[in-house]
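Listed in order, the protein sequences are those of chains B and D.
According to my numbering, the first sequence is numbered sequentially starting from 23.
According to my numbering, the second sequence is numbered sequentially starting from 23.
Calculated directly from the structure, the hints in this document are not laboratory data.
Values in this document were obtained by computation on a predicted structure and should not be read as measured data.
It does not matter which identical chain is meant; a pair holds if it fits inside one copy or across any two.
For lysine-lysine, the following PhoX-like pairs were computed, each having C-alpha atoms within a straight-line distance of at most 20 Å:
#1 K405 to K129
#2 K385 to K287
#3 K207 to K217
#4 K92 to K81
#5 K412 to K129
#6 K448 to K245
#7 K235 to K245
#8 K385 to K448
#9 K129 to K409
#10 K295 to K245
#11 K385 to K409
#12 K88 to K28
There are 2 protein chains.
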Amino acid sequence: MADYTKMWQELDVDIEKHDGLCEVLPMFYENIYLSQENRPENMNYYNFVISEVHGLRIKELQDSKKEDKKVVGSFCVFVPDEITLALNCVPVGICSGSQFWVPDGEKVMPRNTCPLIKASIGAKLSRTCPYFQSCDMVVGETTCDGKKKAWEILGEHMDVHVMDLPQMKREKDKLHWIDEMNTYKDVLEEKTGNKLSFENLKEKTELVNKKRKVLKRLYDLRKCDPVPISGKDALLVSQIAFYDDIDRFIEQTNNLCDELEERVKKDEGVFDKDTPRIMITGTPMSIPNWKIHHIVETSDAVVVCEETCTGTRYFENQVSEDAENMDEQFENLANRYLGINCACFTPNEGRVEDVLRYVDEYKVDAVVYNSLQFCSTYAIEYKNIEKALKEKGIPVIMIETDYSEEDTGQIKTRVEALVEMVREKKGVMA
Amino acid sequence: MADYTKMWQELDVDIEKHDGLCEVLPMFYENIYLSQENRPENMNYYNFVISEVHGLRIKELQDSKKEDKKVVGSFCVFVPDEITLALNCVPVGICSGSQFWVPDGEKVMPRNTCPLIKASIGAKLSRTCPYFQSCDMVVGETTCDGKKKAWEILGEHMDVHVMDLPQMKREKDKLHWIDEMNTYKDVLEEKTGNKLSFENLKEKTELVNKKRKVLKRLYDLRKCDPVPISGKDALLVSQIAFYDDIDRFIEQTNNLCDELEERVKKDEGVFDKDTPRIMITGTPMSIPNWKIHHIVETSDAVVVCEETCTGTRYFENQVSEDAENMDEQFENLANRYLGINCACFTPNEGRVEDVLRYVDEYKVDAVVYNSLQFCSTYAIEYKNIEKALKEKGIPVIMIETDYSEEDTGQIKTRVEALVEMVREKKGVMA
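Given the sequences, and given the hints that come with them, work out the whole structure.
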C-alpha cells in the first residue's frame with residue numbers, strides 16, 4: 023500500500039491514533055474474510071477496496087475536491103444521493119461500524135446510546151476517520167432520538183445539515199419530505215454554487231437506480247440453493263456501495279454477478295445445498311461490523327438476506343423515471359424514499375410484509391433479529407415481527423448487541439441452537 | 023374510604039392485582055408525605071385527592087360519562103387540553119409513575135425502555151389503572167422513539183390517536199402542528215358528535231390559562247427564602263393538576279397559594295432560611311414517582327423548582343387570548359405549545375436559557391439533572407446543560423434512574439455530597 027501519511031496529515035487526521043486503527047483492520051479482515059473457502063474470484067475487487075479503505079478512495083475524494091466537487095457525508099439511506107450527485111458532489115456513507123471509535127463517542131454521549139451513533143461521533147471527535155475529515159459537510163436526519171440529538175453535538179465540530187424525515191407516511195408527510203429535499207437542494211446549491219437542473223437530476227436518478235438494480239441482481243442470486251456467495255461477502259458489497267465510486271461499483275458488481283450466474287448454472291455454491299438459510303433483519307451493519315454474519319457462517323449456516331439498511335432497504339424500489347419536470351422528479355424521489363419501511367415510522371406495517379415476503383423469496387429457514395443496543399424503534403418492533411414469523415412457522419431469535427466482542431460466545435451458542443433446530447427440521451445433518 | 027369494588031369491576035379492573043397496588047400506596051404516601059413537618063394546612067385537599075386517587079375521581083369520571091362526556095387520556099404536555107375540554111371531554115393524565123406496572127410493560131416492551139413508557143403500557147395491559155379503564159380514547163404523541171412505538175402496541179388494546187409533534191420549530195413545523203391539532207379536533211368531533219365552536223374554545227383556553235396561572239403563582243412563591251412549601255408538596259400539586267377536575271383544582275390551589283402568601287409575609291417556611299436550594303431538571307415525574315424529591319429533602323436541602331414536564335414546562339407561557347376567529351385560536355395554541363423547550367426538538371437551545379433563568383429566579387444553589395433511564399434525548403442534552411451551569415458556577419449532578427428503589431442509597435450519597443458542597447460554599451452548617 024502506498025504511504026498516505028502526508029494526505030492524512032493534510033486532512034488533520036490524528037496520525038498516531040489512526041495508525042492504531044490501521045494496524046488492526048487487515049488482520050481482522052483476513053480472519054473474517056480471507057479465511058472463507060470457495061469465494062468468487064471477483065471478490066478480489068472488494069478485497070482491494072478494503073485494503074485501500076483509508077487510502078486510495080480517500081485520495082480519489084481529494085482529487086474530486088480539486089475538480090471543485092464537494093464531498094457530502096451521510097449516515098442513512100434516506101438522504102437522497104440523486105440530489106447530491108446531480109449537484110456535482112460526491113456522497114459518502116460515514117464510518118460508524120467499529121468499537122474503536124466508541125470510547126471517544128462516549129466522552130460526549132451517554133453510554134446508553136446505540137454504538138453506531140457513538141462510533142460516528144467518536145470517529146469525528148478523534149479525527150481518525152479520513153472520510154469524515156474529507157467531508158465539506160454532512161447530512162443528518164431525524165430518524166431516531168439518538169441521531170437527532172447527536173447532530174447537535176456534531177454541529178459544534180463541522181458543517182451539518184439535518185433533514186427532517188417525517189414520522190408517518192400520510193400524504194402531507196410526503197409533501198413535507200418533498201419540501202425537506204428541496205431545502206437540502208437549496209443548501210447544496212448554496213454550498214457548491216451549482217444549480218440543480220432537470221437533466222442532471224434525471225441522469226443521476228437513473229445512475230442511482232442502476233446501483234440499486236445491481237444490488238438487487240446480487241440479492242436475487244442469493245435466492246438460489248446452493249447459494250453462490252456468502253452472506254459476509256454480500257454484506258461487504260452492500261457496505262462498499264455506500265462510499266465507492268458509483269460507476270465503478272456498478273461495473274464491478276455486475277462482473278461479480280456474471281460470475282455468480284455461472285456458478286448457479288453449474289449448481290455451484292459457497293456452502294452445500296440444504297445448508298440452513300438465515301435471514302437477518304434489524305439495524306444496519308456498517309464497516310467493519312461483520313459480527314453476526316461471521317457467527318452465523320461459522321455455525322454451519324449461511325446468511326441469504328438482510329432486511330436492513332445495509333441490505334434490502336438500501337436498494338429495493340426504484341425511483342420512477344417517468345418524470346417530465348422537476349416537481350415530478352421530487353415527487354418520484356419522495357415516493358421511493360418513503361417506501362422504505364424503517365422502524366422510525368409509526369405505524370410501520372410494511373416491514374412485517376417485507377420480512378414475510380423475503381422469507382418466501384429467499385427460502386429462509388430461520389431469522390436472526392439483530393438490534394444494535396439501545397435502538398428503541400427496532401427493539402420494540404421485535405414482538406410484532408416475532409409473532410408474524412411464528413405464525414408462519416419460522417423460528418426467530420433476537421440478538422441485541424453492540425460492537426464489542428464480549429458477547430460473541432454467548433451469541434454463538436444461541437445461533438448454533440437455532441441452526442441445530444433448523445437442521446433437525448430439514449432432516450439435514452451438520 | 024368508600025367501597026369502589028363494584029365500580030372497578032364494571033371498568034374491568036383486575037381487582038385482585040389492583041388490591042395489591044391499593045395496599046402499598048397509602049403507607050408509601052404516609053412515609054413520604056405525611057411525615058413532613060410544618061406542611062401548609064391546605065395540603066389536606068391534595069392528601070384527600072391522593073387517598074381517593076382510584077376512588078372518588080374515578081367515580082366523577084363515570085358520572086361525567088353518564089352526562090355524555092368522553093374521557094380522553096394523554097401522556098404528555100403537548101396534547102392541547104383546550105380542545106379536549108371545548109369538545110365537552112374530560113382530559114386525564116395517565117398513570118405511568120410506578121414500578122408496580124413495569125413488569126407487565128416489560129412483557130411487550132424491551133427492558134431497555136424508559137420506565138415511564140413501560141409503566142404506562144403495563145398499567146393498561148394489567149388492567150390495574152382505573153384511569154386507563156375509564157378512557158374512551160387516549161392520545162399519544164411522537165415525542166420520543168419509545169412512546170412513538172409504544173402507541174402501536176397500545177393501539178392493539180384500545181382506541182389510540184397519535185398526534186405527530188414536529189421535531190423542529192420552523193414556521194412550516196408550526197403549520198404542521200396547527201394541522202395536527204385540527205386533525206385531533208376532527209377525531210374528537212367524530213368521537214363525540216360535538217362540534218368545536220369558537221366560543222367554547224375561547225372559554226376553555228381561558229380556563230386552562232387559569233390553571234397555568236395558579237401553578238405559576240405557586241411556583242413564584244417557591245422563589246422566597248425560606249421557601250413556604252416543600253418541593254415534594256409542590257410536585258404533588260403539579261402531578262394532581264394533570265387529572266383533577268380543573269375548576270376545583272384552580273380554586274384549591276389558589277387557596278393554598280393564599281396560605282403560602284401569609285407564610286411568606288411572616289417569613290415562615292418549611293425549611294430554615296439558607297437551606298440549600300435545589301432545582302431539578304430533566305424528565306417528568308408522574309404519580310407516585312417522588313423518589314428524587316424525597317432524597318433531596320431528606321438530605322438537608324429543598325427542591326425549589328422543577329424544569330420538567332411535571333413542572334415549569336407544564337404551565338409556563340400562556341395561550342394568547344386575543345384570537346378573533348378559530349384560525350387565530352389555533353395559531354395561538356401552536357405558538358404556546360411549540361414554546362415548550364422539550365428535548366424532543368432539535369435544536370433545543372431554549373432549554374439552556376430556561377435553566378439559567380430559573381437558576382436566577384429561584385435562587386438555585388445546585389442542580390440535579392434527572393433523567394429516566396433510556397431517555398436518550400434528555401440524557402444527551404445533559405452535556406450542554408452541564409457546560410452552561412458550570413460556566414455560571416452552579417454545581418450539577420446527573421442522576422439516571424428508574425422507578426426501582428435499588429439505587430436509592432447510591433443516589434442519596436451523591437445528593438448529600440452535592441448538598442455538603444453547597445453548604446460549605448454558602449457557609450451554612452447542617
